[in-house]
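Could you slot chain B onto chain A? The hints should help.
The chain contents come next:
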Amino acid sequence: MTITTEVSPQSSDSQGDKIFWWNDPRIRGFILQGAMLLAVVLVFSTAIYTANSNLDNHHNARGFGFLDNRAGFDLAQALVDYPKDATYGRALLVGFLNTALVAVFGILFATILGFIAGIARLSKNAVISTIAMVYVETVRNVPLLLQMLFWYVGVLQVLPAPRNSFQPITGSVFLNNRGLFIPQVSFTGMTGWGILFGLVLGIVAAVIMSKWATARQLRTGAQFPAFWVGLALILALPIIGFVITGANYTTNFPIKSTFNLSGGMRVIPEFMALVLALTLYTGVFIAEIVRSGILSVSYGQSEACHALGLTNGQTLRLVVIPQAMRVIIPPLTNQYLNVTKNSSLAVAIGYPDLVYVGGTVLNQSGQAIEVIALWMLVYLGTSVTTATLMNWYNQRNAIVER
Amino acid sequence: MTDITSPSTRSLGFVRAELVKPLPPPANLVGPVAWIRKRLFSTLPDTILTLVGISIAVFLIWGVVSFAIVHATWTGEDGDACRKNLDGACWPFIGTYWKTFVYGRYPIAERWRVNCVAAAFVLLLVPLAMPSVKGKLVNALLFIFVLPIFAYVMLGGGIFGMPPVETAYWGGLTVTLVIAVTGIVASLPLGILLALGRRSKLPIIKLFSVIYIEFWRGVPLITVLFMASNLLPLFLPDGMTVDKLVRALIGVTLFTAAYMAETIRGGLQAIPKGQYEGAMALGIGYWRMMALVVMPQALKLVIPGIVNSCISLFKDTSLVQIVGILDLLSTVQSSATDARWASPTTVNTGYLVAALTYFVFCFSMSRYSQFVERRLNTGHKR
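Sequence order for the protein chains is A and B. No gaps in the numbering here: position 115 of the first sequence is 115 in the numbering used here, and each next residue is one more. No gaps in the numbering here: position 370 of the second sequence is 370 in the numbering used here, and each next residue is one more.
Chain B extracted, bound-state conformation:
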């Protein structure tokens, strides 16, 4: 033993005293080259797929870039410049009309009122969406009860010296947001009640809830809007009229409530039975059990689902143009038919801008829902 460890023996050097550092992996197994070989050109079919894919991508990207940037018309007083250039977007049209896209036909002198409502909306929504901010209950109550009244007073006017603005003059992105936000805010309480009704042990309540939910989920939104605009006046006493926008809002709310109810029911089903039993053992009644024990947990679980409902409602607001309400999409369309600007590329430029607007809203909502999902760590549930 002493021989091996003695300096003279070690110098003979047939046995290593310490481990050799591992060699780096071969250059073609790591780094960008290996990534390219593995993820792009691993086999012959893979290579063909990659090349086909790249050519499709280049074709599409070039199509968009050349339309929107390279061949676009950037300056011009009216549609003449755009009518000469049929390869590219007509940006001066957007420059002239973007305020119409946002405010519709809302009187120019009164547009500050829309801005005020938008500011209040953002100021209430941002803290509501940030999990770290305290006082969620007050915030939510303000958002659900105070904001709609504030928005109605500000946009409608007629008091505090603000001239009244009829809903026929509301338009553009403003109306899209009004419909989407009202739809969500009003359908949430209705959806909660329906979800509770569907899980109720009382047969008649359950039956009505099921019929309501399945009815609205089974019909397309367009027929609902037709119903709201054609049938609702018929069911009201003669001489009583309801505003066109309000009719659409009622239709959208009743429709969304059914989807909301199904989302919330999913959350209710995920709450373990022990929670209900614990609350009952404490002697709490049904409504307080729901309000204080079950709903806070269930609603938290279904935030991603509620946000998804918001996304589809936001997209579905574009259908109100069919009953003659000028939302973002129909404002863009009717602006593009303006004789001064009409050209084959004007309407496509308008669609591009509208699509980008919808995309920004919906994409940020879906990112937010993924963020909440990760944060609540409900990923293991399906």
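Isolated chain A, as found in the complex:
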């Protein structure tokens, strides 16, 4: 009774206990957010205003009209036609494609190297696991830029001049300080299309065949050599396409003259240095991801497989790797994005990627805002697209819990 009388005088004391409006968390939240919004708007508008007046003072041009101006600089590597009178826009497109090319090759090789090194580090063989460990610990503690410069300045530029080229395959592959020269095969007439058609058909047939093989195995238990048959389909159909379209092709071998090599396909040393450094550097991080992914699958899973009579290979392929992939894939895509972003270091060795070309355009045209906005657009676009795909994948492959 006494307690209730003590607690009850809410009505009489309410004047003193009144919650002031500035102590209300909702109102506080509104004020805080309003202040934040105001601050951001203020900072941005001041910056834009200052930039505008600065640009006016210096009579700088604005807008993306400069993309139609003539570039007038040469690029060491162009995947699309890049004539002498090309525009800035064309140059930036060449740079973008070069970035994409390096990223694709870097990702491909780094994935292969990373999986090999990651599995090697878990090997029972002491020599193999030690080599993998030393590789990981050394390469990941040295800056990528230093590695890139080492490959470019320290290794590729001190190769012999073209007339003393290394010839790994005499007469057709040349390696010198101007790059790697390899024979070029080009298909003429309908042959190129025939091969392409055969390849697409082969891939489609292989996918259908593997679906059928899985369905049959689930129904009857009988196994089908899906991998080998699929490989045969993917290899054989393009060859058939090649033969029935008349097998028209020309080869273009690099030819050595007194001072230089002509013909063939040239892989520029900047590209080689970039891909080499990106591969070795990213391979380390992928190796660590693969290792932790495989270790994350509990050993009981392997024991259960052995108890069921699966072989080591089957255990790995059917049970361990599918579960490890769930852990591996999200950080792996992060590394792929890192390769794309790190390829911008190309600017240090003069490989004409997006940042290198953009930097030249920026210096020539002085339109810093537009060039940097283009960079951001490309890199952010890649990141956001990948992140969206990743979220979709994660939702699809999340462990279904009871």
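It should be emphasised that the hints constitute simulated quantities derived from the structure, not laboratory data.
Just a sample of chain B residues kept apart from chain A, beta carbon distances all over 10 Å, derived:
hint : residue
1    : Trp74
2    : Ala81
3    : Thr96
4    : Lys99
5    : Leu128
6    : Ala140
7    : Phe143
8    : Pro164
9    : Lys244
10   : Ala291
11   : Val293
12   : Leu301
13   : Arg375
Here are the computed lysine to any residue pairs in the SDA-like style, where the Cα-Cα straight-line distance is at most 25 Å:
hint : chain 1 : residue 1 : chain 2 : residue 2
14   : B       : Lys300    : B       : Arg367
15   : B       : Lys300    : A       : Ser292
16   : A       : Lys124    : B       : Ile61
17   : B       : Lys206    : A       : Met376
18   : B       : Lys38     : A       : Tyr299
19   : B       : Lys84     : A       : Val158
Just so it is clear, CB atoms sit at the ideal spot from N, CA and C, and this is done for glycine as well.
Structure of chain B alone, referenced to chain A:
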């Protein structure tokens, strides 16, 4: 029963009274021989792998040893000796230039000031890194607030009778460390705020934090540095200039803060909800709840992550050479192009020394982070 235990029966000896000591395992199952057989030559493919691996290792180790030691040039007044010997490292170049690698173009008479800053840095960092030393809060505050001011005054000079030294003269390892340490120290508070912002229930704060973090994480550091050196002057009132090094520092800090925020957010997510609820039940406000209850636990959990950010920032400082700041790597490079010393092996020797320097710093940081991880025993978390 008595018969069996009686002495006469026991002497017949068909039943042992005590267990026989176990025999040692067969010689080929223990010891070095068994280890070699099991870990190197267990099967035929394994043997092939071992032999291939050993030959690769010998090839690489011999390559490094022969370059750095066996065929190296050890003495010489200038590059002539190195130009004659193209098989080995050019150590006299390092002997001549190592001080430049450390101090850059900092005036020789003033280099004691760099040493003072380095000494203060070590004196504050070592107790901060040792878990057993007390007074972490005071130490951290000194490190975060006092050390940068001290370093700025000492390195920049201009007061207390110290002649001013412009940042254009700072260089080498000094600048690398200045950028790395400033980047970490300045991005930590910013990262904490962003991490809190991203977990905030206020939609606008959360939105801004998410946009900030995802923006900086999505772009390469090089474009950030280009932005800092080309765009920042454009957004400042006419006539106001910002030092080149400061511009790079701003870029690096804003960039690192986004990564730091994600690391710290990981720590915040690992704190059980009960901790927040307990603090609220005690009637503590938001900021005191964060400062006194949540952050001390969260930051402790993410020390390995913060150290990893330090490692990648330390490596990324090498990119500032692209906006024309002479850090360790670019000092090494420009020294190697000195006409007196230039030779094909000079630059590689320089790269070797720079790589070793970076390696020593990064490797010790990663060992430290593993030590903390073991000590905090957060190994079960993924």
